[in-house]
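*Asks:* Residue numbers (the working numbering), protein chains in the order written: chain A, 1 to 115; chain B, 1 to 109.
Hints are computed from structural coordinates only; laboratory data are not their basis.
Beta carbons: idealized from backbone N, C-alpha and C, even for Gly.
Each hint should be verified, as a subset may be incorrect.
[Said to hold, decoys possible] Every beta carbon over 10 Å from chain A, so not counted as near; a handful from chain B, in silico:
hint, residue
1, Ser27
2, Gly59
3, Thr106
[To be verified] For lysine-lysine, the following DSSO-like pairs were computed, each having C-alpha atoms within a straight-line distance of at most 27 Å:
hint, chain 1, residue 1, chain 2, residue 2
4, B, Lys96, A, Lys55
5, A, Lys41, B, Lys51
6, A, Lys20, A, Lys42
7, B, Lys51, B, Lys70
8, B, Lys51, B, Lys101
9, A, Lys20, B, Lys96
10, A, Lys64, B, Lys96
11, B, Lys70, A, Lys64
12, A, Lys42, B, Lys70
13, A, Lys41, A, Lys20
14, A, Lys41, B, Lys96
15, A, Lys66, B, Lys70
16, B, Lys101, A, Lys42
17, A, Lys41, B, Lys101
18, B, Lys96, A, Lys66
19, B, Lys51, A, Lys66
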Amino acid sequence: GAVVSQHPSWVICKSGTSVKIECRSLDFQATTMFWYRQFPKKSLMLMATSNEGSKATYEQGVEKDKFLINHASLTLSTLTVTSAHPEDSSFYICSAEVRSSYEQYFGPGTRLTVT
Amino acid sequence: GQQLNQSPQSMFIQEGEDVSMNCTSSSIFNTWLWYKQDPGEGPVLLIALYKAGELTSNGRLTAQFGITRKDSFLNISASIPSDVGIYFCGGGSNYKLTFGKGTLLTVNP
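Whenever a hint applies, use it, and build me the whole structure from the sequences.
*Replies:* Structure below.
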């Protein structure tokens, strides 16, 4: 149980375009999902907390207009990187929380490369 | 914000050896979780701890929630090559997890 999928697994886009990443909890309902960014050989940096049916809560320093998050259902959250630039290239990982337990189950990640 | 100090940063061991890593903080946490991440993949939850002093095992893995709620350790016994990866601790409070910087484990067959 507690499986989280992410799509796409990798994407290459041109500078100035927007990219949408989907995160789905496959076998449980997730009121809360999280979006992380990870640089090579670095830890997980929380970008935002996504709550179903309400606005996401962004961490300090994360531009909410650049990283749009939508949590339209209990099994789906999306992250849209708008007007992507090369510095947005990174590994983006989502997670879904089980029953407000702090237990987060992670998706396999999305490798974004902006050229 | 809250910070976790995870050590060691990396370890090189021989197959069969035991491994220990830990996380400490000046902050109190309600939960401690340990994850393993393989290259290019998302972290996988290994053990979750919810009570100060709690000692929990998952196969060859054992983790403890420190009595002060400010630290946790993870032990791996009789390591095998597939234990290779990055291990992260996560401290839970204020409805989110704070992660350590990870311990890179290399196991030589």
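*Asks:* Does each hint hold? Answer for all of them.
*Replies:* Cross-check of the supplied hints:
no. : hint               : result
1   : Ser27              : holds, 15 Å
2   : Gly59              : holds, 18 Å
3   : Thr106             : holds, 13 Å
4   : B:Lys96 x A:Lys55  : holds, 16 Å
5   : A:Lys41 x B:Lys51  : violated, 31 Å
6   : A:Lys20 x A:Lys42  : holds, 23 Å
7   : B:Lys51 x B:Lys70  : holds, 12 Å
8   : B:Lys51 x B:Lys101 : holds, 23 Å
9   : A:Lys20 x B:Lys96  : holds, 24 Å
10  : A:Lys64 x B:Lys96  : holds, 18 Å
11  : B:Lys70 x A:Lys64  : violated, 32 Å
12  : A:Lys42 x B:Lys70  : holds, 22 Å
13  : A:Lys41 x A:Lys20  : holds, 24 Å
14  : A:Lys41 x B:Lys96  : holds, 22 Å
15  : A:Lys66 x B:Lys70  : violated, 35 Å
16  : B:Lys101 x A:Lys42 : holds, 6 Å
17  : A:Lys41 x B:Lys101 : holds, 9 Å
18  : B:Lys96 x A:Lys66  : holds, 22 Å
19  : B:Lys51 x A:Lys66  : violated, 39 Å
Violated hints, listed in ascending order, are 5, 11, 15 and 19; each of the other numbered hints is respected by the structure.
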